[in-house]
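Going down the list, the protein sequences come from chains A and B.
Letter 11 of the first sequence, counting from 1, is numbered 11 in our numbering, and no numbers are missing.
Letter 32 of the second sequence, counting from 1, is numbered 32 in our numbering, and no numbers are missing.
I should point out that these hints are in silico values taken from the structure, not numbers from a laboratory.
Just to be clear, a hint being listed does not mean it is correct.
Under 8 Å between C-beta atoms, here's a sample of chain A residues computed to sit facing chain B [unchecked claim]:
#1 E82
#2 Y100
#3 G105
#4 P106
Glycine included, each C-beta is placed from N, C-alpha and C at the ideal position.
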Amino acid sequence: DSGVTQTPKHLITATGQRVTLRCSPRSGDLSVYWYQQSLDQGLQFLIQYYNGEERAKGNILERFSAQQFPDLHSELNLSSLELGDSALYFCASSVSGLSYEQYFGPGTRLTVT
Amino acid sequence: GQNIDQPTEMTATEGAIVQINCTYQTSGFNGLFWYQQHAGEAPTFLSYNVLDGLEEKGRFSSFLSRSKGYSYLLLKELQMKDSASYLCAVRDPDAAGAGSYQLTFGKGTKLSVIP
Chain A
1 DSGVTQTPKH
11 LITATGQRVT
21 LRCSPRSGDL
31 SVYWYQQSLD
41 QGLQFLIQYY
51 NGEERAKGNI
61 LERFSAQQFP
71 DLHSELNLSS
81 LELGDSALYF
91 CASSVSGLSY
101 EQYFGPGTRL
111 TVT
Chain B
1 GQNIDQPTEM
11 TATEGAIVQI
21 NCTYQTSGFN
31 GLFWYQQHAG
41 EAPTFLSYNV
51 LDGLEEKGRF
61 SSFLSRSKGY
71 SYLLLKELQM
81 KDSASYLCAV
91 RDPDAAGAGS
101 YQLTFGKGTK
111 LSVIP
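Hey, can you work out the whole structure from these sequences and the hints?
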């Protein structure tokens, strides 16, 4: 158990819908990262927050957005969902934005039908 | 940008030694990571190399050559539980210079350990 929690574990929804994925980092970690893992693309970095502020952006679609709240939990919002958005979404946390070790949560499996 | 290559699949025998290679071409470099991921589970950190050479940690070792853009993960005394995907990842400084880093992952090498 990494200490990072993610909810829900599974999510099934229809195309065009909007969902919110939630992540709570390890106690004391200030930085949160979101990743998408699909079968053909591997693990892809989406976005990073540090202490409430966006720090780095990867291959995140405009239909996706995220935020980190004062209590340091983070939410990833996915809208206008498409079949291709079906994937495992992982959240990871680290002590700081410069820490080399990231601890991954168990992931949320999103299925878009 | 980053380009990371690693073999898609490998098979090895229980008790043996296996080497998983990773090559990378990057616009920036600030360390190379290896993660282990069992099917449907979260990746777990195995090793981190930022300087050339070999880092040993129990049955697992990782090597880095920055001039060659090359790394390998060496697994000794293979056990059935080592059957998993092994992800190579490169860290580079965020282009915006915000004092942060991104990890770019390869697609992973699926290792099957057979009796």
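Hint check results:
no., hint, result
1, E82, "violated, 22 Å"
2, Y100, "holds, 5 Å"
3, G105, "holds, 6 Å"
4, P106, "holds, 5 Å"
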